[in-house]
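Student: Next come the chains, spelled out residue by residue.
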Amino acid sequence: MNEQEIIERAKKGDPHAQSLLVNQYSKRVYNLALRILRNREEAEDVLQETFLTVINKLDTFDGRSSFFTWVYRIATNASLMLLRKKKIRRANFRDNDLDPEQIYLSNVVDWTQDPTARIENKEIKQRIDEALSTLKEKYKTVFVLRDIEGLSTRETAEILDISEENVKIRLLRARQALRNYLSQYYEERVGG
Amino acid sequence: MKKKINTEEQLRLLQEHLCDDLDSAACEELIDVLRTSKECRIYFDTIKKTVVLCRENECPEDLPEDINQRLFERLGLEKYKDNKDPNIK
Numbered sequence: 001m002n003e004q005e006i007i008e009r010a011k012k013g014d015p016h017a018q019s020l021l022v023n024q025y026s027k028r029v030y031n032l033a034l035r036i037l038r039n040r041e042e043a044e045d046v047l048q049e050t051f052l053t054v055i056n057k058l059d060t061f062d063g064r065s066s067f068f069t070w071v072y073r074i075a076t077n078a079s080l081m082l083l084r085k086k087k088i089r090r091a092n093f094r095d096n097d098l099d100p101e102q103i104y105l106s107n108v109v110d111w112t113q114d115p116t117a118r119i120e121n122k123e124i125k126q127r128i129d130e131a132l133s134t135l136k137e138k139y140k141t142v143f144v145l146r147d148i149e150g151l152s153t154r155e156t157a158e159i160l161d162i163s164e165e166n167v168k169i170r171l172l173r174a175r176q177a178l179r180n181y182l183s184q185y186y187e188e189r190v191g192g
Numbered sequence: 001m002k003k004k005i006n007t008e009e010q011l012r013l014l015q016e017h018l019c020d021d022l023d024s025a026a027c028e029e030l031i032d033v034l035r036t037s038k039e040c041r042i043y044f045d046t047i048k049k050t051v052v053l054c055r056e057n058e059c060p061e062d063l064p065e066d067i068n069q070r071l072f073e074r075l076g077l078e079k080y081k082d083n084k085d086p087n088i089k
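Protein chains in written order, with full-length UniProt numbering: chain R, 1 to 192; chain Y, 1 to 89.
Hints are computed from structural coordinates only; laboratory data are not their basis. From the three backbone atoms N, C-alpha and C, an ideal C-beta is built for every residue, glycine too. Check each hint, because a few of them may be wrong.
To be verified - Taking lysine-lysine pairs in the BS3-like style, the calculated list, with each CA pair at most 25 Å apart, reads: (1) Lys79(Y) - Lys12(R); (2) Lys84(Y) - Lys57(R); (3) Lys136(R) - Lys122(R); (4) Lys79(Y) - Lys27(R); (5) Lys11(R) - Lys57(R).
Stated by the list, open to error - Only part of the chain R face toward chain Y is listed, based on derived beta-carbon distances under 7 Å: (6) Met1; (7) Pro15; (8) Ser19; (9) Leu20; (10) Leu21; (11) Tyr25; (12) Lys27; (13) Tyr30; (14) Asn31; (15) Leu47; (16) Asp110; (17) Asp147; (18) Ile148; (19) Ser152; (20) Arg179.
Stated by the list, open to error - Calculated from the model, a selection of chain R residues having no Cβ within reach of chain Y, i.e. all distances over 10 Å: (21) Gln48; (22) Ser66; (23) Leu83; (24) Lys138; (25) Asp161; (26) Glu188.
Please construct the entire structure, taking both the sequences and the accompanying hints into account.
Tutor: Structure follows, in structure tokens:
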């Protein structure tokens, strides 16, 4: 059976076909939720909610988008709903980090060649975790879908129901904010 | 004191390049900008390095078995949990 045949059978309630779809996408959905929510229990909640929705609403899937995009849209929406409920405080992130008008050309050394700029460095890893945890949701979601999940601009726009231009703008801002956060760390090291 | 990139065109070029959507003529233009501005090059390199570090930090995890088990229970598909072959009915 190819995926289209599996989907058709799953729509008719075939548990064999439904389980195939779950096994095909569960790992990716779990990781997507984990990256947005940064919490394993909540990622599990999203995983369950996503596949309950997928199975219950399978008859509304009309094939205009790919099945993968449809599942990702459901998972992203479920993650965002949970994220909004949490009302995360972003006290650690200065407002100007996310200001698109402020693209600082730091005078610090080019830290890309610094031997500590490696993910094995616990301080850098912690800094990235902090930055991703506190990044505004609309920027974080685009960053996760485009730069971490590797989806195209068009797929990301489709999943989030925004324009491709908007995806590009949000992605630029997300990258700038994250870059500024890491650059501050190196400025402090050089200065301190 | 920090300097800002305030040239709309530079910003647009950087943005489009980082989205991998530049046509070749615009790409040449970007390279020229980067050649003439050390700050721009550092900005561009640090953005790229940031993305690489974030990607490395976010390696995909395997779905834990207990989470998978609970998922199939919630869906009422426990009997089919290990069903991964599309040709078996």
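Student: Does the closest beta carbon of chain Y sit nearer than 7 Å to the beta carbon of Leu21(R)?
Tutor: Cβ of Leu21(R) sits 10 Å from chain Y, so the hint is violated.
Student: Have a go at the Ile148(R) hint: is there a Cβ in chain Y nearer than 7 Å to its own Cβ?
Tutor: Because about 5 Å separates Ile148(R) from the closest Cβ in chain Y, which is inside the 7 Å limit, the hint holds.
Student: Closest CB-CB distance from Ser66(R) to chain Y, is it above 10 Å?
Tutor: Check passes; 17 Å lies beyond 10 Å.
Student: Does the closest beta carbon of chain Y sit nearer than 7 Å to the beta carbon of Met1(R)?
Tutor: 4 Å, holds
Student: Grab the minimum C-beta distance from Asp110(R) to chain Y and call the hint holds if it beats 7 Å, violated otherwise.
Tutor: With a closest approach of 5 Å, the Asp110(R) hint holds.
Student: Once the shortest beta carbon distance from Pro15(R) to chain Y is found, is it less than 7 Å?
Tutor: Hint on Pro15(R): holds, closest Cβ of chain Y at ~5 Å, below 7 Å.
Student: Verify that the Cβ of Glu188(R) lies farther than 10 Å from every Cβ atom of chain Y, and report whether the claim holds or is violated.
Tutor: Fine: 14 Å to the nearest Cβ keeps Glu188(R) off the interface.
Student: Just to be careful, I want the Cα atoms of Lys136(R) and Lys122(R) compared with a cutoff of 25 Å; is the pair within it?
Tutor: 24 Å, holds
Student: Hold the hint about Leu20(R) up to the distance rule: shortest CB distance to chain Y must be less than 7 Å.
Tutor: Constraint on Leu20(R) satisfied, holds at 6 Å.
Student: So, Tyr30(R) near chain Y? Judge it on the closest CB pair being under 7 Å.
Tutor: 5 Å, holds
Student: Do the alpha carbons of Lys84(Y) and Lys57(R) lie within 25 Å of each other, as the hint requires?
Tutor: With Cα atoms ~22 Å apart, Lys84(Y) and Lys57(R) stay inside 25 Å; holds.
Student: Confirm or reject: Gln48(R) is not an interface residue toward chain Y, with every Cβ-Cβ distance exceeding 10 Å.
Tutor: 5 Å, violated
Checked against the numbered hints above, the structure breaks hints 10, 11, 19, 21 and satisfies the rest.
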